[in-house]
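Q: The primary structure of each chain is shown beneath.
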Amino acid sequence: MGVSKKVSLTVFSLIMAAGALMWLIQLWRGLILTDMNNAYSWGLYVSALAFFVGNAAGGLVLSSMIYLFGVTALKPFARIGALCAFANVAAAMLIVLSDLGRPFRVLNLLLHPQIMSPLVWDVIVLNLYAGLSLIYLYLLMLPDLAARTGFLNKIALPVPDPAGFSDRWAKRLAPFSLVAAVSIHVVTAWIFATQGARGWWHTAVMAPDFVAAALASGTAVVMLVAVLCYGTADKFQNAFRIMAIFIATSFFIHLFLMYNDFVIHAWYGSDHAKEALAITLQEYGLAHAFEVLAPLAGVVLLLNARVRQTMSGIMAGCLLIIAGIFVHRILLMPAAFNQMPLTLAPLGSQHTLWSVPIASGRYVPPADTFVSHHSYFPTLVEIMIFAGVLSFVCALILVAVHKLPVVKEG
Amino acid sequence: MRRGMVIDLEKCIGCRSCAVACKQHNAQPAGSWWNRVVTPGSDRHLTASAPENLYFLPIHCQHCQNAPCVKVCPVGATYQTDDGTVLIDFERCIGCRYCMAACPYGVRQFNWESSKDGIKRYEYQNGYTYGYPEPFRLDNRLVYSPVRIKGIVEKCHFCAHYQARGLDPACVRACPGKARHVGDLDDPDSRVSQMIRQMNGFTLLPEKGTRPNVYYLPPKRKEV
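Residue numbers (our numbering), protein chains in the order written: chain A, 1 to 410; chain B, 1 to 224.
Just so you know, nobody snuck in bad clues.
Simulated pairs of lysine to any residue, SDA-like, Cα-Cα distance not exceeding 25 Å: (1) LYS75(A) to ASP234(A); (2) LYS71(B) to PHE104(A); (3) LYS6(A) to PRO405(A); (4) LYS71(B) to LEU97(A); (5) LYS208(B) to GLN114(A); (6) LYS208(B) to ILE115(A); (7) LYS171(A) to ILE155(A); (8) LYS75(A) to PHE176(A); (9) LYS71(B) to ILE149(B); (10) LYS116(B) to ARG102(A); (11) LYS71(B) to ARG102(A); (12) LYS71(B) to VAL120(A); (13) LYS71(B) to THR203(A); (14) LYS208(B) to THR352(A); (15) LYS274(A) to PRO206(B); (16) LYS274(A) to LEU204(B); (17) LYS5(A) to VAL406(A); (18) LYS5(A) to LEU152(A); (19) LYS220(B) to THR203(B); (20) LYS208(B) to GLY269(A); (21) LYS208(B) to MET258(A); (22) LYS208(B) to PRO118(A); (23) LYS71(B) to LEU100(A); (24) LYS116(B) to THR379(A).
Sample of chain B residues at the chain A side, in silico, Cβ under 10 Å: (25) GLY41; (26) SER42; (27) TYR122; (28) PRO218.
Covered stretches of chain A, going by a simulated chain B footprint (3 or more residues, C-beta under 8 Å): (29) 103–112; (30) 349–355.
For the record, the hints were derived by calculation from the structure and aren't laboratory data.
Cβ atoms here follow ideal geometry from the backbone N, Cα and C, with glycine treated the same way.
With these hints in hand, go ahead and build the complete structure from the sequences.
A: Following this line, the structure appears as structure tokens:
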């Protein structure tokens, strides 16, 4: 392991340790250490769940493109894809643990699962997907595992033709992995989209939009790791070109789905829709500009063949796309929680829309007891726990690339 | 038997006794209010945007028949009893707060910190305690406890502990205006069913399809 990798791994480990410490403190004191309250009850953690789930898309989509649609140019990146998928879906499950008030009761999900809850569906598909991406990674590495010595050789399946076996089974699993990859986004979207109480979420466009945004950011994650592992040699240029086109297409579909929804609601102009749009486009106008313009800039960069020949160009493009989709996930919450579901026109004044305030649940002497608006901003505890999980993803990928035959030499 | 409540807004004087009784009887932690009384149109508390608008609206769990909170709960901690009451099993809730996102009425309260820390924040005088002193179990599920568990969601339980002793909920008994009534909504001849029929009973957010078991009777005139 080179010096720069060692330094990165040390930094990631320190951030992970800090995040773990913050989580312990949060366990001890409670979620009072976050900036959430009864009216604004989900924040960075749940946004991060959607973010990591989206980032996990790339891996198995890549594999299925290779083995279902015959895009063989991507084949060198298949292992990286499966690895990124596993790391991100594991992160998604980790971050949601920190959102639970009683994380040690998570076993209740196994003891008393309530099958009507989209959250139960999500736990099922996320675990399936994590398992499937691990199996995929193992299968794809199999030919090289057999050639290694020591522990890696021992865990290799003793089959006569490892390369043929790997290819055959990767092809057989490909349709399932594609379905699993799509379903984690659809089901995660349903957690929100099924909620009739929140107009901002309650739209049929959310599931397809989740898939589109995930295909953009998930592929960008794989491309980023791939360029870091393999560099920009000529033989990979075709693969980078295909990934850039795929990212661009997915991102434009995402933009289309999002603005399609905005136009329909803005045109009819119900008070609720206008309020939700005003929160996103005015109060969070800068964030909205970023979620659109940053990935757009990333797409413009990646679509340029000359940029794709530079490491920094590809990295910048991918990071802009990932950051933009992250902000998109953050913006899931403000318009959902700052538009009170219970609004009424007071009897006798039918043309006003009045939001019924909610008890904040946190006793703070100078603050209002009942609130109908909260300018949420994550606390240091929330940011550190998120940073810890993000570092976990980076560290896991770094260690796996170093220890396992993820990157093919030569 | 479908247990329901009727709140007569004509009779409600906006005194908040129900909110206070609820908070005290159910030992609610700092910052938690299972029951709140709002003045529609007001910026704060009792003031109204225009004097002719002044009336009061008490809001707590609507004990919906099509309850989104029950459907989203991943572990069945929030559940419906045979009489339609929506309860929370304090020992099963994992604190994911999905139900709070799902509830259109904003009645669910999370325990962001331990009861002890909350009480300390309140700076009550030494030894001041309030609330029904015993834990209460229904079908062996803990639906009330005077000491709260940190990190779980709670809300109005239709005073299940008092119901077991044949008493009406604390808010009903404490209402000086006699604005609140409980009864069987399945029985067309019950007092509550008759009141709803005869006095234009309505529910909150009917467009959400939640079918609440809490009804309101409109005020004939308002405070001016």
